[in-house]
Amino acid sequence: MFEKVNSKVVKADLGRTGPIVSRRGSMLFYSGQVHFAPHQIPGAGGAPGGMGAMVGSMMRSEHERTMIAQGNGQVHYGFQGLALHVIDLPQGGQVTADMSRMLGYTAGMQASIVSTQSQQGGGGGLRGALRGAATGALTGNGMFTTQLSGVGAVVLVAHGELIEIPVGNGPVVVDPQAFVGTVGNVQTQLQSAMSWRDAVGRGSGEAMQLQCNGQGVVLVQASEEKL
Amino acid sequence: MVELVARSSRVIEARLQKSSVRAISGSMVSYQGQVQFKSAGFGGGAGVLAGLKQKATGESLTLMECTGDGVVQFAVNAQYVTVLPLNNETMQVESRQILALAGNLNTNVQFAGVGGMSGGQGLFTTTVSGTGQVALLSAGGPLIHLEVNPNLPLVVDPDAFVAAKGQLQQSFVTDVSWRSAVGQGGGEAFSLRWQGQGVVSIQPAER
Chain R
68 MFEKVNSKVV KADLGRTGPI VSRRGSMLFY SGQVHFAPHQ IPGAGGAPGG
118 MGAMVGSMMR SEHERTMIAQ GNGQVHYGFQ GLALHVIDLP QGGQVTADMS
168 RMLGYTAGMQ ASIVSTQSQQ GGGGGLRGAL RGAATGALTG NGMFTTQLSG
218 VGAVVLVAHG ELIEIPVGNG PVVVDPQAFV GTVGNVQTQL QSAMSWRDAV
268 GRGSGEAMQL QCNGQGVVLV QASEEKL
Chain X
111 MVELVARSSR VIEARLQKSS VRAISGSMVS YQGQVQFKSA GFGGGAGVLA
161 GLKQKATGES LTLMECTGDG VVQFAVNAQY VTVLPLNNET MQVESRQILA
211 LAGNLNTNVQ FAGVGGMSGG QGLFTTTVSG TGQVALLSAG GPLIHLEVNP
261 NLPLVVDPDA FVAAKGQLQQ SFVTDVSWRS AVGQGGGEAF SLRWQGQGVV
311 SIQPAER
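Which chain is which? The protein sequence lines are R and X, in order.
The numbering used here numbers the first residue of the first sequence as 68 and each following residue consecutively.
The numbering used here numbers the first residue of the second sequence as 111 and each following residue consecutively.
Covered, in the sense of this in silico footprint (three residues per stretch, anywhere, with C-beta under 8 Å from a C-beta of chain X), are these stretches of chain R:
no.	stretch
1	230-237
2	284-294
Restraint-style ranges between C-beta atoms, simulated for each label pair:
no.	chain 1	residue 1	chain 2	residue 2	range
3	X	214	R	236	26 to 32 Å
4	X	241	R	175	54 to 60 Å
5	X	254	R	217	43 to 49 Å
6	X	257	R	91	47 to 53 Å
Calculated Cβ distances over 12 Å to all of chain X for the following chain R residues:
no.	residue
7	70
8	86
9	98
10	180
11	257
What the hints contain is simulated information worked out from the structure, not anything from laboratory work.
Keep in mind that this is a model prediction, so the values were computed, not measured.
For each residue, glycine too, the CB sits at the ideal point set by N, CA and C.
Required output: the full structure, derived from the provided sequences and hints.
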């Protein structure tokens with residue numbers, strides 16, 4: 068699918084991969100007959116009025132401007148010199164990550180914007196949304212995240228390279244700032260590891276933690292820097 | 111026993127079996143298993159004196175202790191990582207380049223130079239001594255190990271220096287002549303000079 072040229076550049080041969088959806092501005096160069104057109108994830112528009120509008124605007128912020136490359140040729144992608152990580156899902160499956168982390172994916176993948184709360188089973192509706200907003204304020208991550216499912220390949224960006232940590236034999240706990248996304252059926256839940264001692268300034272610096280449960284892989288970057 | 115292993119070029123992993131490892135506060139990126147994190151104080155030795163030393167020297171080494179049964183991944187700012195063994199030895203390290211310490215290791219802050227440099231760097235050095243593993247950070251690429259022997263002293267940029275091990279004497283080289291004092295200097299006002307027998311590790315970037 069995507070071929071790694073080096074740690075920061077990937078190449079896609081559209082003849083083999085089919086159309087590629089990517090973040091706008093991520094194309095480095097191409098050869099052959101390739102056409103680029105704006106692209107929109109369905110459902111990212113948002114409804115007018117009231118609470119729906121608020122949620123809608125948050126969802127729009129989750130939606131990065133994307134484009135689709137079609138035709139016959141080779142396209143090279145890269146973004147701001149960040150490390151790239153390719154995830155192949157030849158048998159189908161799902162990848163969940165913030166849209167800002169997604170450089171591109173094969174157009175055959177099903178893209179949807181999901182609430183991080185409903186994914187956690189934290190309850191839907193207004194309360195879930197409010198809790199999500201509070202969670203987002205703490206972790207710096209939004210309350211909506213992008214899920215890609217089906218057969219294909221996804222390219223993620225990270226500050227420093229990514230490591231994959233399998234989940235299955237018990238939970239994996241991640242620093243929220245180092246968390247990039249998940250592959251497979253993985254639920255995330257934010258928890259506080261803060262005690263009274265931490266509050267008075269003798270802490271280890273690991274106050275908030277993200278617990279990941281389920282079956283799959285957690286993607287962690289070697290840095291606590293956000294994108 | 112604790113084992114430190116490089117999980118990737120920028121992440122190290124500590125494998126704990128009812129044991130503990132010390133690492134820079136806030137450097138945990140993920141963990142599996144039963145692990146508790148608590149503050150382990152400053153790297154200048156033990157007790158109140160260590161805190162005072164830290165204040166006085168500006169060598170900022172705040173550690174946390176990770177104890178339990180499991181696997182912990184550490185990384186800082188996507189910097190490269192190198193694990194070095196110490197076998198009843200002493201190593202001089204730039205404190206902000208330490209990522210983790212495993213085994214029977216002590217840290218201390220030593221006065222390492224005289225001459226009244228105003229650069230504020232290298233006057234005090236953090237030392238790590240004992241037996242165990244030290245994980246070091248380096249920016250710009252993996253650590254570069256340079257051998258020093260009595261016939262071949264080594265001069266390094268203090269901003270690139272990371273660690274030194276062996277029978278080594280450290281001194282400052284000042285290149286501040288009248289010309290550089292009036293602003294025509296070569297930009298390398300102070301250098302660290304190493305003499306003796308040992309290995310000096312540098313990073314391919316300047317802080």
